[in-house]
Amino acid sequence: MSDITLNAAAKVAEAAPRSAPITQIGFVGWLRANLFSGWLSTAVTLLLAYLIVRWAIGFVDWAFVNAVWSVPNNQTQACRDLRGTGACWAVVTEKHRFILFGTYPYDQHWRPALCIALFVGLYIVSAMRRFWRKELALIWVAVLAVIGVLMWGGVLGMPYVPQERWGGLVITLILATFGLALAFPLAILVALGRRSQLPAIKAICVLYVELIRGVPLISLLFMASVMFPLFLPEGMNIDKLLRAQLAIILFAGAYLAEVVRGGLQSLSKGQYEAADALGLSYWQKTGFIILPQALRLVIPPLVNTFIGFFKDTSLVLIIGIFDLLTAGKTAIIEPAWQGFGIEVYLTVGAIYFIFCFAMSKYSQGLEAELNRHRRH
Amino acid sequence: MPPFGLSIARAMGAAALGLALALPGVAQAQQAPAANANTFDAVRARGQLVCGVNTGLAGFAQPDSQGVWRGFDAEYCRAITAAIFGDPSKVRFVPTTAQVRFTALQSGEVDVLSRNTTWTLSRDTALGLDFAATNFFDGQGFMVKTALGVKSAKELEGATICVQPGTTTEQNLSDWARANRIRFTPVVIERLEEIVGAFVAGRCDAYTTDVSGLAATRSAQPKPDDYVILPEVISKEPLALGVRQGDARFADVVRWTHFLLLSAEEFGITQGNVDQMANDPRPEVQRMLGRNGELGKMLGLDNLWAVNVIKAVGNYAELFDRTLKPIGIQRGPNALWTTQGGLQYSPPFR
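Chains as they are written, first to last, in full-length UniProt numbering: chain A, 1 to 376; chain B, 1 to 350.
No lab work stands behind these hints: they were computed from the structure.
All figures in this text were calculated on a predicted structure; none of them were measured in a lab.
By construction, the Cβ of each residue, glycine as well, lies at the ideal position given by its N, Cα and C atoms.
One or more of the hints may lead you astray.
[Claimed, not checked] Here are the simulated BS3-like cross-link-like pairs (lysine-lysine), alpha carbons at most 27 angstroms apart as the crow flies: (1) B/K325 / B/K223; (2) A/K361 / A/K311; (3) A/K329 / B/K311; (4) B/K223 / B/K90; (5) A/K329 / A/K311; (6) B/K297 / A/K329.
[Stated by the list, open to error] Taking CB as the label site, the calculated pair distances span: (7) B/G202 / A/S360: 40 to 50 angstroms; (8) B/L148 / A/Y106: 23 to 33 angstroms; (9) A/Y345 / B/G341: 21 to 31 angstroms; (10) A/I354 / B/R181: 55 to 65 angstroms; (11) B/E190 / A/W62: 22 to 32 angstroms; (12) B/T339 / A/I354: 12 to 22 angstroms; (13) A/Y345 / B/E170: 38 to 48 angstroms; (14) A/A358 / B/L121: 48 to 58 angstroms; (15) A/A117 / B/L121: 51 to 61 angstroms; (16) A/H96 / B/P231: 19 to 29 angstroms.
[Unchecked claim] Which residues of chain B face chain A? A few of them, derived with a C-beta cut under 10 angstroms, are: (17) Q48; (18) S122; (19) V188; (20) E190; (21) E193; (22) A220; (23) Q330.
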């Protein structure tokens, strides 16, 4: 008996190490440490959980359970009978093509749809590092040209569609993509120019940046659309969209230039001197040594500016261009659909969110990857 | 006419004013009428009429789910196009905001403004445009809840009144209140949706804006009979078709297209019976429809222009019933003078 007891005791001593109590580690441990660490935090947690659950149930009820998904022939009585207890997604079902494509001819909607797909494809390809070669610039030129041909038409049996009929998401993407793609090189030149030793170039760049940053975007758009045509010779009209696009490029250029300049200034003097010591010319030094380091440093503010401009394109509503947001607003003007703004704004907001969130996530990954050497 | 802009648009107006002050040349450019006075030939040569419309106003101009422009103003664009080309589809709609509409016309971006624009002296003289014809007589009115039992705006003493800021609506309201010695509390709300919400929720006793807007709001409510539009109209808002100044020939075409729609209603010519009406013995109908005389040619148009216009959009009553009646706007002052004692009156086709 005693032997057995002894042996058993020895076995217990040699047992595998036990894990910490379940109340200290893992999910439960995390909950204890962060949400229920004292009576106050327990109370706050319970209160917030109650509010969140109540709100979530209310939202699910509104958005899904009681919602009306479609109605026949603009007969919105079914929606109005809900009296706010359920969402009227029928407005999105009915108007989604208008919100996405604006007043573009209905039977030609495949063209802007294809353009949106091309834009998204272009973003994805550009985001992959394995495609980061000189050919990428050619791909951009080619795709943007194809988009132009698709939108305008007039060739290959596609009827011509004048610019004022373009609208919806495709306008937002055009303004944002062309705007940022052209503003970025401009910004780099201006940023370099502002740090130039040549007084004339420096003065011009400073003047440009300060002038543009001194006025709101909306006033530039207004200048482009109201003042500018009055100075043109009679009978000459520059496309309204093009004028807005130029205003956006100029505006984005000034802001991005300051971001890039921030990156240039944060580089230590040693980098410049080392490049000079190697006997590199100005452009070699800038292209191989300075810019790769400077741009890497300013990825977060750059993306911040990009996201801001993506949304700022909605300001073109004041000059009568139907971008995504304006198309959404216009969709609910029709008397039958008045009063269903929340559903449309949620949809438009979701589309903006997808693009902005993707940009933000991608930049986080890029930042981590490019700055890997700095991590310790 | 209250501008339908948003707060940013108004902020923009202030910014533009600042820029205009900074650039004295701009103010002068505003006043110079366009030199190219022959829009008619330009439109003919282009093969298209470019028509400036509202960016979205229920009943007047708004794109439907398929992106096709609908509404009273849009139909006028089609009528003018049909008069010139015989084909209403040869029109291009350019949406214009309240801020850019006059520049768009001056700079030649659009040929005609069919965009609920109030005809005023300063616009007619200083802005380099001419008004061809008033196609809709609007005016500012009041709407109250039926339950309130108010029968006249004079009874609104001490009331709270919902009004949009920065518009002529607000000025008209205070002018009218001063003239009639009525004290009121304004509830100033910028956005249309919110102001209607405030009115429905009872935050104010009355809501004031143009009668056409009141009617549209009323008809969009679940129970329109709970609301009543008071009979007083406190301002004149003649909404007119605008053309460039000194462009008499084109203005004639626009003006007489409007008169044609009125006369067609007067003589009972409709979209459906226009072909049979060609055999109507009345001399004025004969002249109008091009069976007799050369009225079309005098305007520089096809002699069958009237037939084309009526086939395209119908007469004024048909056009009105198709676009404005569904949103609850009554004929009121826009009835024909000849039959119902309204303000719409066409000179003779002779």
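Are there hints from earlier that the structure breaks, and if so, what are their numbers? Numbers 3, 4, 6, 8, 9, 12, 13, 16, 18, 19, 20, 23 - these are the hints that the structure violates, sorted from lowest upward.
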